[in-house]
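4 protein chains.
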Amino acid sequence: MEPIIVKYVEKPELNKPVLIEGLPGVGNVGKISAEYLKDKLNAKLFVEIYSKYLPPQVLMRPDGTLYLVKNELYYYKNPKGRDLIILVGDYQGMSSEGQYELSYKVLEIVKEFGTDMIFTLGGYGTGQLVEVPRVFGAATNLELVENMKKYSVYFSPSDPAGGIVGAAGLLLGLGSVVFGMQGVCLMGETSGYFSDPKSSFEILKIIKQYFNLDIDLSEIELRSKEITEITTQLKEEQKNEERKEDLGYIG
Amino acid sequence: MEPIIVKYVEKPELNKPVLIEGLPGVGNVGKISAEYLKDKLNAKLFVEIYSKYLPPQVLMRPDGTLYLVKNELYYYKNPKGRDLIILVGDYQGMSSEGQYELSYKVLEIVKEFGTDMIFTLGGYGTGQLVEVPRVFGAATNLELVENMKKYSVYFSPSDPAGGIVGAAGLLLGLGSVVFGMQGVCLMGETSGYFSDPKSSFEILKIIKQYFNLDIDLSEIELRSKEITEITTQLKEEQKNEERKEDLGYIG
Amino acid sequence: MEPIIVKYVEKPELNKPVLIEGLPGVGNVGKISAEYLKDKLNAKLFVEIYSKYLPPQVLMRPDGTLYLVKNELYYYKNPKGRDLIILVGDYQGMSSEGQYELSYKVLEIVKEFGTDMIFTLGGYGTGQLVEVPRVFGAATNLELVENMKKYSVYFSPSDPAGGIVGAAGLLLGLGSVVFGMQGVCLMGETSGYFSDPKSSFEILKIIKQYFNLDIDLSEIELRSKEITEITTQLKEEQKNEERKEDLGYIG
Amino acid sequence: MEPIIVKYVEKPELNKPVLIEGLPGVGNVGKISAEYLKDKLNAKLFVEIYSKYLPPQVLMRPDGTLYLVKNELYYYKNPKGRDLIILVGDYQGMSSEGQYELSYKVLEIVKEFGTDMIFTLGGYGTGQLVEVPRVFGAATNLELVENMKKYSVYFSPSDPAGGIVGAAGLLLGLGSVVFGMQGVCLMGETSGYFSDPKSSFEILKIIKQYFNLDIDLSEIELRSKEITEITTQLKEEQKNEERKEDLGYIG
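Chains as they are written, first to last, in the working numbering: chain A, 1 to 251; chain F, 1 to 251; chain H, 1 to 251; chain V, 1 to 251.
Bound-form chain A, shown alone (with noise of 0.2 Å):
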């Protein structure tokens, strides 16, 4: 079989489209972010990807019905600037080879449509939990790095410090090497025990701002606020805990 199977539900003319991944990863933050984008844009469907370098594996609809694994690419016209096309997955290859090779495929494919620019979404995990969390970047040069200062994009000279392993990275990786792409990463701060919509919200604001979009962020701010609650009780336990463990020390 072709490693990677690629089927075309539609061949949309695109105006210079920006690239915006979110796949499976820390705290889902990118994979949330990507896929509340493309349900408020009511972005439309064009690439499926089925690949050897997934999971083995069918998923299972509500109805009963089971599709198999894959990548999926959506396309935005957006009346205000450049069009997006929005890349969201059931999962990352599985292995370095199937990394590199989804991620060259992506690229080739986006290459096609006229893509020269990239923004990929991700959790940066910090294993604590966040009051607010900060957005961290990292970009393919620096004058996007100071661009998207503008935007509270925060870049820190010593973090990520392991770099950024998965999609995330390779695509501006590759996009720049292969495809002389630029683009831009941005990661949500966040504990990386559960699903993070809190710093999804985060991430959506800029994207919002930075393509001027007509997007309705209310919703993923009511999930973000939730989150808040959740760890805010969660703190006041732990406090609550360490000052029966003092008392018990004193009493």
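FYI, nobody ran anything at the bench for these hints, they're computed from the structure.
The reader is advised that the hints may include incorrect statements.
One copy or two, it doesn't matter: identical chains are merged, so the pair holds either way.
What the hints assert, rightly or not - Taking lysine to any residue and the SDA-like style, the derived pairs with C-alpha atoms no more than 20 Å apart in a straight line are:
| no. | residue 1 | residue 2 |
| --- | --- | --- |
| 1 | K40 | M94 |
| 2 | K7 | Q182 |
| 3 | K70 | V177 |
| 4 | K70 | S224 |
| 5 | K77 | Y67 |
| 6 | K7 | N141 |
| 7 | K11 | L45 |
| 8 | K70 | G180 |
| 9 | K105 | T65 |
| 10 | K70 | G162 |
| 11 | K105 | V178 |
| 12 | K150 | P62 |
| 13 | K11 | S191 |
| 14 | K70 | F179 |
| 15 | K7 | E108 |
| 16 | K149 | P62 |
| 17 | K239 | I4 |
Mind docking chains F, H and V on chain A? Use the hints.
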């Protein structure tokens, strides 16, 4: 070497044959079912499949001879309806890639013989001893979901939660995406702790009825009853021990 | 690079040579046997096999020089019968795929020289110290099973239960399925805890007799006796300790 | 995608250049040595190597920009003798296959520029803090062994016992078998517990002398002395604790 070596023993003319798969897996439910079917229908071997995606291993026959691990296709000319192709084997593919490649190859082969429908058989591991195993289903389309419900196949909006991993899922996933086939996966409930003919018996009753087969199920019914006896005994021992423990608390 | 690099040192004319394999494995029984055979027969190196399926490693000679890990083929022109090709090496293939590809390549090579019969040598690990190791057999066909019984090869209806994994099995499996060869695997009983020349000695006696070889076994017999002494000592120490423990319970 | 992507920054004319390799490994001894050499010789980057055999990862620069993990070749035109090609990189290949493919590709590239000799640099992990690290050697031929002994390289009949794993071994192994090159591996003794410039210093002294290089080693000497101080302190602390424990037994 060719990654997959296909040896034709025979090239029969078949009447829109339905592929029925039963390879090793949870509780060996699929394997037991498909091999019982093949034996009782006196199905004929026509394809042997060897591959570097299977383990590097030969297996022993009691007479001291050995054979390379393989998958096999048998055919059954059904006087009362569509013919059957039955897929059995010693192992499934060892890696993601191997799973995809082997499933794809089987689909290519059966396509040649006119197959456009697939039944995959497997176990659904619950981790608990079951009195009467239900048969869960998952299908490539809603029409088939509705149709299978008539045969007491149980479709749950949330099971199996993790989807279906391996050949039982892939044959349906790749079959529908690449080869335009439809199909259903039948999963017999099983503890998953041992080879479970009881679960296979429930699946075989459905297969017999659906395909209107002239097949004797008395032997698998007997093996099924033996399992019932063993598990009943196990459960009573469990209860007795729990009672003892309860008395211990009271006494 | 080519996945497997074959370097011919020489292309000898051979008389229907039988392939004898002895690569590293359980108790190194096969390796010890084949290397002893090659050394005592003064067999000539004619093929070197390098491959990315072997570990990425060089090994040291005592003089400070290094060499890339490899498999090697030696030939022996047998004045009393069929010639021999002996396969030895530093490692077996590292993955399923590597095992298949390397075995296939060896079969392709020896086929060129007229081979239609294979002897593979290995250990059968029992986890227990053995007084006189039996030599278990498995063959590609019944005739050969019967023939080998005359040489005191032991065929069990249930051993080895897990079949034969690795080159010793694959050469026979692929050899018979793809290349129309026949052959037998000789497995010397061994604890599997250490390199076991005692088990190799039993195999070599059969090989010597079967091929009517003019070969001196006194050296391996000596090494075999040393193993006997060590294991006898170990067993007595075990007994003494058990006796002490027994006394402990009584006293 | 091509498994290995080679980007030429420049195609210099070189005078029978010797390849010097220093990739990450035990104690990072090779990497530290080769990078120091490249920096102090002001060697010029001429080849970038990207590959799916490297991790799917980008790394960060302090200015917020990112780059795809890679291997690099630098050249140095040596006024006093043969030119040098220096191989450095972020990672070695991730799998056996990747190791072989990447080493093979590097050899193909340097062959083009006239290379017939290779020096690979690495650490020899002993698990113990060393006062003055020896430099162990292994070479492709006896002449080179004898030659290197003049430069205080230590050849042991039994070290390294496990051979040499990874690029440092493979470049020499494949280089001699496939490309007719000769070469030597220099392994600086190191505990292996931390990055060890002290071990690199010993290697660099040999390289400087052998190639008659005009290179300032004062900086690495300083870093080497820092390591000496730290390890001396560690050893004294160990001794003191052992003394305390001894007193504890007596008191």
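Hint-by-hint comparison with the structure:
Taking the closest pair of Cα atoms, K40 and M94 never come within 20 Å of each other, the shortest separation being 29 Å inside a single copy and 40 Å across copies. In the homo-oligomer, the alpha carbons of K7 and Q182 lie at most 20 Å apart only across protomers (18 Å), although the nearest pairing inside one protomer, at 26 Å, exceeds that limit. Proximity of K70 to V177 under the C-alpha cut-off of 20 Å is restricted to the inter-copy arrangement: shortest distance 11 Å between copies versus 26 Å within a copy. Proximity of K70 and S224 under a CA criterion of 20 Å is satisfied in neither setting, with 28 Å inside one chain copy and 39 Å between copies.
Proximity of K77 and Y67 under a CA criterion of 20 Å is satisfied in neither setting, with 28 Å inside one chain copy and 31 Å between copies. Within a single copy, K7 and N141 get their C-alpha atoms only as close as 33 Å, which misses the 20 Å cut-off; across copies the closest is 19 Å, which meets it. Proximity of K11 and L45 under a CA criterion of 20 Å is satisfied intra-copy only: 10 Å inside one chain copy versus 42 Å between copies. Taking the shortest alpha-carbon separations for K70 and G180, only the inter-copy value of 17 Å comes in at or below 20 Å, while the best intra-copy value is 27 Å.
When the C-alpha separation of K105 and T65 is checked against a cutoff of 20 Å, the pair qualifies neither within a copy, at 28 Å, nor between copies, at 24 Å. Proximity of K70 to G162 under the C-alpha cut-off of 20 Å is restricted to the inter-copy arrangement: shortest distance 15 Å between copies versus 28 Å within a copy. Proximity of K105 to V178 under the C-alpha cut-off of 20 Å is found in both arrangements, the shortest distances being 12 Å within a copy and 18 Å between copies. In this assembly of identical chains, K150 and P62 lie within 20 Å of each other by CA distance solely across copies; the values are 19 Å between and 43 Å within a copy.
In the homo-oligomer, the alpha carbons of K11 and S191 never lie at most 20 Å apart, since the shortest distance is 39 Å inside one protomer and 48 Å across protomers. Taking identical chains as interchangeable, the C-alpha atoms of K70 and F179 lie at most 20 Å apart only when they sit on different chains, with a minimum of 16 Å there against 24 Å within one chain. Taking identical chains as interchangeable, the C-alpha atoms of K7 and E108 lie at most 20 Å apart whether they share a chain (14 Å) or sit on different chains (18 Å). In the homo-oligomer, the alpha carbons of K149 and P62 lie at most 20 Å apart only across protomers (15 Å), although the nearest pairing inside one protomer, at 43 Å, exceeds that limit.
Taking identical chains as interchangeable, the C-alpha atoms of K239 and I4 are never at most 20 Å apart, the minima being 51 Å within one chain and 53 Å between chains.
Hint violations for this structure: numbers 1, 4, 5, 9, 13, 17, all remaining hints satisfied.
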